[in-house]
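Student: Below, each chain spelled out in residue letters.
2 protein chains.
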Amino acid sequence: MSKTTLVSLAESLGVSRQTVSNVINAPHRVKPETRMRVQHAIVESGYRPSAAARQLRTRRSMNFGIRMMPVVDGINGSILDRFLHALTEAAQEEGYRVTLFCADTDAGEIRQYEELLKVADLDGFVLTGTHHGDHRTAWLLEHGIPFAAFGRPWSSIEDPFGSLHPWVDVDGGAGTEQATRTLIEQGHTAVGFLGWPGGSGAGDDRRAGWARAMRAAKLPTDSLDIQADDGVPAGAQGAEQLASKGATAVVCASDSLALGALAKLRQLHPEQASPALIGFDDTPVAAAVGLSSVSQPTEDAARHIVAVLAHQLAGSSSPHGDEEPAPERHLLLPPTLIQRTPYSFSSST
Amino acid sequence: MSKTTLVSLAESLGVSRQTVSNVINAPHRVKPETRMRVQHAIVESGYRPSAAARQLRTRRSMNFGIRMMPVVDGINGSILDRFLHALTEAAQEEGYRVTLFCADTDAGEIRQYEELLKVADLDGFVLTGTHHGDHRTAWLLEHGIPFAAFGRPWSSIEDPFGSLHPWVDVDGGAGTEQATRTLIEQGHTAVGFLGWPGGSGAGDDRRAGWARAMRAAKLPTDSLDIQADDGVPAGAQGAEQLASKGATAVVCASDSLALGALAKLRQLHPEQASPALIGFDDTPVAAAVGLSSVSQPTEDAARHIVAVLAHQLAGSSSPHGDEEPAPERHLLLPPTLIQRTPYSFSSST
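Protein sequence lines, in the order shown, are assigned to chains D and V.
Going by UniProt numbering, the first sequence opens with residue 1, and the numbers climb by one from there.
Going by UniProt numbering, the second sequence opens with residue 1, and the numbers climb by one from there.
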């Protein structure tokens with residue numbers, strides 16, 4: 001790609017080699033101004049750590065690795081199953097296959113990278129489930145392994161759009177904001193939010209979207225923000241709390257929570273066939289029971305991940321082939337609100 | 001494994017080479033007595049078609065291929081997603097990974113086998129979705145490619161337990177039989193069956209289980225057997241038909257059908273919070289709405305598939321290593337009936 005090395009980069013910036021390494025592997029150890037200057041230079045120079053190691057490879061295997069995430073409750077996990085279907089299809093259209101592996105933790109996933117790169121000759125990896133303090137991206141950058149993430153980097157000290165690695169994500173906050181706005185437009189002034197405990201990137205983002213819509217309509221959010229563990233029973237409990245605080249409509253961070261809320265709201269208000277309720281992820285369960293939900297464009301995300309990764313791989317084998325426009329390295333896709341009427345109570349089928 | 005060839009096998013049986021080939025590739029062209037005699041000899045001799053071709057391979061890739069089946073309604077398809085999770089885990093425990101590919105048809109799947117064997121150096125394949133007239137197994141046998149199927153061979157002219165290739169399946173008929181018996185024991189005498197149109201192996205098997213339980217209890221089945229396309233709306237329609245014919249309980253071939261039936265039965269009988277209704281596959285939707293359902297042991301099935309395939313691969317590289325007992329080549333696993341009370345109407349959460 002270029003003759004930039006960690007050493008030449010450090011020299012040209014007048015910083016130590018260690019500083020450049022820290023920016024890649026432990027950005028919190030570097031002062032913000034220095035970090036941003038080094039990150040900018042890295043991106044500009046096209047430098048890829050350990051690119052030399054990559055050149056030992058003589059052929060491409062046309063195979064990406066992806067960790068099969070464990071099944072959680074089968075409802076929320078279905079979004080990753082859908083992504084995997086879409087990824088396999090998009091990869092195959094570009095001539096790539098997808099190899100699955102398992103790991104219990106991020107550290108286990110990194111051990112699998114090491115082993116798979118030894119035994120399975122993969123071209124790169126697709127990451128899912130990015131979160132605060134994710135060590136996987138630093139490891140892959142350091143080892144010069146091509147990869148792309150479904151999920152933005154959630155570290156609060158980095159601008160995700162300045163990140164060193166490519167990612168695609170869905171703008172969950174825009175989804176809950178639209179969901180909340182829709183309920184407000186229907187006349188609700190007390191729209192509650194039923195989400196996960198603070199600290200998860202995606203969860204906080206969805207909460208923030210709800211809060212933005214409420215603020216924009218000058219509606220109070222006090223006591224309308226419930227933090228619950230995910231799941232159907234927690235959703236029922238949370239909906240009961242929100243109802244007791246006067247909420248007349250609920251936006252949820254997941255369809256599991258929304259499903260519990262649906263059952264509880266019908267129990268509390270048997271006269272209301274269709275509680276004002278919106279879930280997240282548009283899972284098969286939501287479609288089956290007629291629950292409105294925010295839908296993630298998993299097919300678009302998968303296609304873009306494959307395009308970015310394929311471009312990266314083509315770039316590393318043909319350094320001067322710049323004819324095709326590069327796909328966006330950082331892309332936030334808008335979700336869609338799917339509006340439905342709960343099925344079980346419809347007067348006709 | 002042995003020096004048996006197609007020619008020596010034909011000679012020892014006093015049949016033509018074409019006859020042996022037909023038994024493998026087009027069994028319907030061979031008279032039943034001859035077919036069974038040849039099948040028996042093939043199994044006994046340990047003959048594997050084109051075994052010589054396999055010996056060209058110098059190393060094992062420790063990688064199985066499996067076709068990613070397309071998403072249908074996201075409810076019934078979830079059983080294959082669950083199987084894929086379990087398969088990836090079971091494979092990894094034995095040192096194998098799983099490579100995914102896509103195909104629209106069986107013929108497309110066979111083209112993928114050809115291509116993957118050229119470019120991806122896979123050790124074998126796992127098949128799902130076996131059905132009447134499945135050409136994939138014949139192709140793999142003919143080409144000597146190790147494989148195992150999740151799903152028995154459904155051809156009506158072959159004894160599945162005499163089949164040339166290993167398979168694991170779940171005894172769906174035993175599941176609907178148990179479901180029906182359970183409803184009869186609860187006092188129902190008119191238990192309807194809501195299943196798919198005749199001709200699908202798995203669907204007919206589930207229908208047969210219901211009919212067995214009804215016959216055993218000397219209950220009439222006339223007009224209580226509804227054939228419907230799969231899906232929630234078809235389930236609602238079918239349940240209405242069954243109710244009009246006096247059915248007081250319903251066993252369904254899928255959770256999609258059961259979910260539609262649940263909505264319709266509640267609409268018809270608002271006083272009944274929990275209609276007598278049992279679905280099939282114990283999908284996340286069933287768990288979420290509290291629907292009773294027949295559960296397939298996907299983890300056991302996946303573990304056994306991996307064991308059979310790993311044994312086959314070890315066998316082909318070390319022909320005399322017979323110390324470990326061979327896993328059953330044909331295994332029908334019993335399902336489990338999961339009994340629940342519909343969630344949405346429970347008086348407390």
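Honestly, the hints are just simulated from the structure, not real lab data.
The model shown is predicted, which means the values in this text are computed figures rather than measured ones.
Worth double-checking, as some hints may not be accurate.
[To be verified] Derived pair list, reagent style EDC-like, types lysine to aspartate or glutamate, alpha-carbon separation capped at 20 angstroms: (1) Lys218(D) with Glu240(D); (2) Lys118(V) with Glu93(D); (3) Lys118(D) with Glu93(V); (4) Lys118(V) with Asp121(D).
Student: Each hint: holds or not?
Tutor: Going through the hints against the structure:
no.	hint	result
1	Lys218(D) with Glu240(D)	violated (24 angstroms)
2	Lys118(V) with Glu93(D)	holds (18 angstroms)
3	Lys118(D) with Glu93(V)	holds (18 angstroms)
4	Lys118(V) with Asp121(D)	holds (15 angstroms)
Checked against the numbered hints given earlier, the structure breaks only hint 1 and satisfies all the rest.
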